[in-house]
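Each chain, written out:
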Amino acid sequence: MLKRGILHSFSGRRYLSMLFVSSFSMVAEILVMLICKIIASNLIGETALAAVTMVTPLFSFVLFVGACIACGTTICYTTAVGELKPEEAAKHFGQGVLLALFSGVVLFGFFALARDAILEFLGVPPELVMEVLPFYKWFLGVVLVLPVGYFLSELVYADGDEVLTFWSYGILIAAEVALSLYFVDSMGIAGLGLALFVASILFLGVLLLHFFKKSNSLHFKLHVNVKDIASVFRFSVAKSSAYLCFSIFTFLLTRFFLRSCDPDSMPVLAMIFEVVELGSVFGGIWLAAEPLVSVYRGERNLIGVRRVMKYVNESILVEGVLMTAFLIVWAPFLADLFHIHSTSILPEAIWAVRVASIGCLVKAFQRVYAPFYQHHNPLFSMFIVLMRDLLMPILCCVILGSLYGSYGIWVGLAVAPFISFAICVVAFLAVYGKKYFPLLLHRGKDMWKAESCEVTPQNIVALRDHMGDYLRKKNVENSICNKVMLLVEELGMHIYDVNRNRKVYTEFSVRIFQGKVICVMKDNGVLQNMTDLEMVVSDLRAYFVTALMAYQREKLYMLTMSYNRHVFRFDRESWA
Amino acid sequence: MKIEKTTAGQTMTFAVEGRLDTLTAPQLDGEIQGKLDGVTELIFDFVNLEYISSAGLRILLSAQKVMNKQGRMVIRNAKPEVKEIFEVTGFNDILTLE
Chain A
1 MLKRGILHSF SGRRYLSMLF VSSFSMVAEI LVMLICKIIA SNLIGETALA AVTMVTPLFS
61 FVLFVGACIA CGTTICYTTA VGELKPEEAA KHFGQGVLLA LFSGVVLFGF FALARDAILE
121 FLGVPPELVM EVLPFYKWFL GVVLVLPVGY FLSELVYADG DEVLTFWSYG ILIAAEVALS
181 LYFVDSMGIA GLGLALFVAS ILFLGVLLLH FFKKSNSLHF KLHVNVKDIA SVFRFSVAKS
241 SAYLCFSIFT FLLTRFFLRS CDPDSMPVLA MIFEVVELGS VFGGIWLAAE PLVSVYRGER
301 NLIGVRRVMK YVNESILVEG VLMTAFLIVW APFLADLFHI HSTSILPEAI WAVRVASIGC
361 LVKAFQRVYA PFYQHHNPLF SMFIVLMRDL LMPILCCVIL GSLYGSYGIW VGLAVAPFIS
421 FAICVVAFLA VYGKKYFPLL LHRGKDMWKA ESCEVTPQNI VALRDHMGDY LRKKNVENSI
481 CNKVMLLVEE LGMHIYDVNR NRKVYTEFSV RIFQGKVICV MKDNGVLQNM TDLEMVVSDL
541 RAYFVTALMA YQREKLYMLT MSYNRHVFRF DRESWA
Chain B
1 MKIEKTTAGQ TMTFAVEGRL DTLTAPQLDG EIQGKLDGVT ELIFDFVNLE YISSAGLRIL
61 LSAQKVMNKQ GRMVIRNAKP EVKEIFEVTG FNDILTLE
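If you read the sequences in order, they're chains A and B. My numbering puts the first residue of the first sequence at 1, with every later residue one more than the last. My numbering puts the first residue of the second sequence at 1, with every later residue one more than the last.
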């Protein structure tokens, strides 16, 4: 009997291994500016904190541009891989590299030449400008490097190298902390900027190591095409607009706060912005699922999509509850981290964090489903982001803030996620109806049968029999059924033989299409191409596999996200 | 998998029914290993064998090696799907099929 569930399936294990790194990478993105603010407030002073806070919208804007290129390219790339089109995948990657480099240069030039105008637009008070400039000088270097670094981190991660991605973000944060502490003493706020710049270079350097690894399947092909660029931006709309919306939200709320509330409570606002931004951690759940979902979409395997989204929903529930609990319990610590010790604002700060945490769970669902929908309907995806990150929060904060002051703003942040969630659900049902809620997948059109297991002799035989029974039930010819069963057993046992010292998982999917049977076998074992007729034959089974492959006309191997993916097509004349 | 073993003088016959695969091959191996002394003709009747994998071929190959020294081995009544496996792997040149 094949076990089911996230811990016993190939896609579940793959998802879990990516989830940790993706969540870490989302936290790291937030930590980059947070570390600057914490070090500024604790080691330099409140004006330094204010100066760094003023530059935060620019950082969000750079991330927005980086996300526009990275997120969409990742989806285009992994979908092409799913469709077994390596040339097209290489073109998307090549185009993405060029766009990222180009955007870095353009942003650098723009921020350098229009510096004074930008600072005026951000509303930087004259007394703060001299504090901002030394930081801004080094921040330009970050602007040059970050789009390429961000792009590569997404693609390297999507290529299955979550270990290197983890280390790249780890080194980014560690280097930023260490170098900030070192440089701040002698250079003040300029030291913060320099530390961030050097850390960004190191971050990029670590990611480049992926191209020297055997598991690398990212290949550069020079390509720029307007239609492909449009696809990239179409698929980036959810994540990239989230950065833009947050940027606009922080800008508007800061202006409103300065006009309507006690300026002494400003540090509370700075802290709450970070708490709101913590919600982007939930984006890590989608980041982990997206490459898997895109490959399944490329294969037209709706069962695979549905299965991964089930794991996603479970993760949202767990992370949402944990985040809420964390914020409620650690609110006093967060206030301390932001150097909020004044007895007049400390109770407000703690209360604000706890109240803002209430909407974590519903916000988490929106964080994940907004990018999920962009494949089907980018406009609806953008609608969710606008509701979640800009319209509802700013409306609730302004309305309640006008009535109850700063306490009204914190309550506004608590209720906004619920209102936006309700509006989005109503909008979905109005546009698509209950039948397609929430995954937008046609139930009746599942043509795939997919099963997954740990690779052991008993499980492989059970998997073989399961597939054989399924094909017979679908009235597939006996000879084809036998060939598929043989494939499952021989390839499965060969995987077992070459991976004796490790736990390996496999997924076998079949699709009956126009009289043919298409099989996809994935495994996370040692990288090997079993369709290669030059494969080393060390025993009878390996010989048997090579013999089968010599006769099997329609076969393909594609290294996908650092796992093996073999595809076969069977019909009456499969064997020459 | 069901195995029916009959012995008539120096001829031993195994009628194998079902699937000869990774999990069932050891069962057949247990019936053959060390039990071919004095056998000059070994017959496998595959009329009811639906499926054979490399694990099954391994058993046949070992038996063939033994019988090459002391007599002959024959495979009878193999179904087309099973014969196809012998052809694909080149075992039809090693085994005697009737």
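Quick caveat, the hints were computed from the structure, so don't treat them as lab data. It should be emphasised that the depicted structure is a prediction, and the values quoted were computed from it without experimental measurement. Hints are not guaranteed to be accurate.
[To be verified] Derived Cβ-Cβ restraints for the label pairs, each shown as a range: (1) A/K310 / B/L61: 43 to 49 angstroms; (2) A/N475 / B/T6: 36 to 42 angstroms; (3) B/T6 / A/D469: 55 to 61 angstroms; (4) B/L61 / A/K213: 55 to 61 angstroms; (5) B/L61 / A/R500: 56 to 62 angstroms; (6) B/K65 / A/M535: 23 to 29 angstroms; (7) B/Q33 / A/D497: 19 to 25 angstroms; (8) A/K310 / B/R72: 55 to 61 angstroms; (9) A/M535 / B/Q33: 27 to 33 angstroms; (10) B/Q10 / A/M535: 41 to 47 angstroms; (11) A/F326 / B/Q27: 26 to 32 angstroms; (12) B/Q27 / A/G205: 29 to 35 angstroms; (13) A/K227 / B/L61: 42 to 48 angstroms.
[What the hints assert, rightly or not] Straight-line Cα separation of at most 25 angstroms, DSS-like style, residue types lysine-lysine; simulated pairs: (14) A/K516 / B/K2; (15) A/K473 / B/K65; (16) A/K474 / B/K65; (17) A/K474 / A/K516; (18) B/K83 / B/K65; (19) B/K79 / B/K2; (20) A/K555 / B/K83; (21) B/K83 / A/K516; (22) A/K555 / A/K516.
[As the list claims (entries may be wrong)] Facing chain A, a subset of chain B residues (Cβ under 10 angstroms, in silico): (23) F14; (24) A15; (25) T24; (26) L36; (27) I43; (28) V47; (29) S54; (30) Q64; (31) R72; (32) V74; (33) P80; (34) E87.
Glycine is no exception: its CB is placed at the ideal position from the N, C-alpha and C atoms.
* Asked: Which numbered hints are broken by the structure, listed smallest first?
  -> 3, 4, 5, 11, 12, 13, 14, 15, 16, 23, 24, 26, 27, 28, 30, 31 and 32
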